[in-house]
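Produce the complete structure using the sequences and hints provided.
If you read the sequences in order, they're chains A and B. The first sequence lines up with residues 1 to 123 when you count with UniProt numbering. The second sequence lines up with residues 1 to 228 when you count with UniProt numbering.
No lab work stands behind these hints, which were simulated from the structure alone. Virtual Cβ for every residue (Gly too), placed ideally from N, Cα, C. One or more hints might be untrue.
[Stated by the list, open to error] A few chain A residues facing chain B, derived, Cβ under 10 Å:
(1) 3
(2) 27
(3) 30
(4) 34
(5) 57
(6) 61
(7) 67
(8) 68
(9) 70
(10) 75
(11) 79
(12) 82
(13) 99
(14) 100
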Amino acid sequence: MPKILKIIMQISVLFIFYYIGKTIQELFSLFIPGSIIGMLLFFGLLTARWIRVEWVEDGIDLLIKDMPIFFVPVTVGVVQYLDFFIGKGSLMIPLIILSTFLVILSGSLITSLLVKKDGHTYE
Amino acid sequence: MNDFLLGSVFLIVTIGLFFASKQIYRLLPNPFTLPIFLTSSLLIILLFIVDIPYQSYMLGGQWIDLFLGPIVVALALPLYRQLDLIKRYARTIFIGIFAGSTVGVVTGLIGAKILGFDQSLIKSVAAKSVTTPVSLSITETAGGNLSFAAVFVMIAGISGAMFGPWIVRICRIEHPVARGLGIGTASHAIGTAKALELGQLEGAVSALSMTISAVIVSFLVPFFLMIF
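Shown next, in the form of structure tokens:
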């Protein structure tokens, strides 16, 4: 099978799981995004070895390598709200920075206490 | 020019700018030359100066948007590859990420409320600590604004990458697992790139923390939005 065809099929697997996840979300009107449901399903099947990593990895790694390109159009969407960021919206920036600092602090402090308690050493 | 042609032009420009930005980042690595930041900024300036409506740009952009959901599914693969590391520190990792994620969601929500932002913005900031595709899925499900969410995620990523190593040093966090976990939970992929500079284990833990926190936050956001 030509390589390009293989990669297209491997990437199609992601679309299939995404639509399965989305269908489950809509069917049961869940608050969890369909994409996450699809991801957990895919993860489960990988862990159970029903899907082998070798079957899918080339295409997926290709996609992940340049993942940020997929966020460009959405991000460019702020062009519609530039006024907001010049005005009151600029307050969002220090808030997010502060919140980010608190996440780093709480996450690493608690983990650091736990590793000490559990006596994990690192090599 | 018809829509298809115009869309193709924007698609090609976007891809071209992205790969050019990647080259620039390689020569001059800096949070502000990150390809996502540079490409988006250049496109925003371009649309603004030439006065092209975003709707016209999206004739091309919509094709790229189709991948946003499936790319979340793709994150299962790197997570699976780190199963051994996850098992080794299972309890520690889970509690640490859960604590960090909760702090991120709650402080974001309370802060936005105190500052008097409207409901749509509060919903858009809730998932700012997690990797962009997941944050977009969560924000979409919650009914927030996707473009705002994407920018908020970028701010969390860049600020955490810039100051994360400094924060863990000042607080005398020495264990690589603790350092990587804090940075990955707060600043997703942008932070993970920085955590890798601290060390191999820091980078690996940061990468798995960003994926696990994404899953946890997708449960936390609808929960806390119901309470607040």
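Point to revise | Ascending list of hint numbers which this structure does not respect | key: Result: hints 1 and 2 break, sorted rising.
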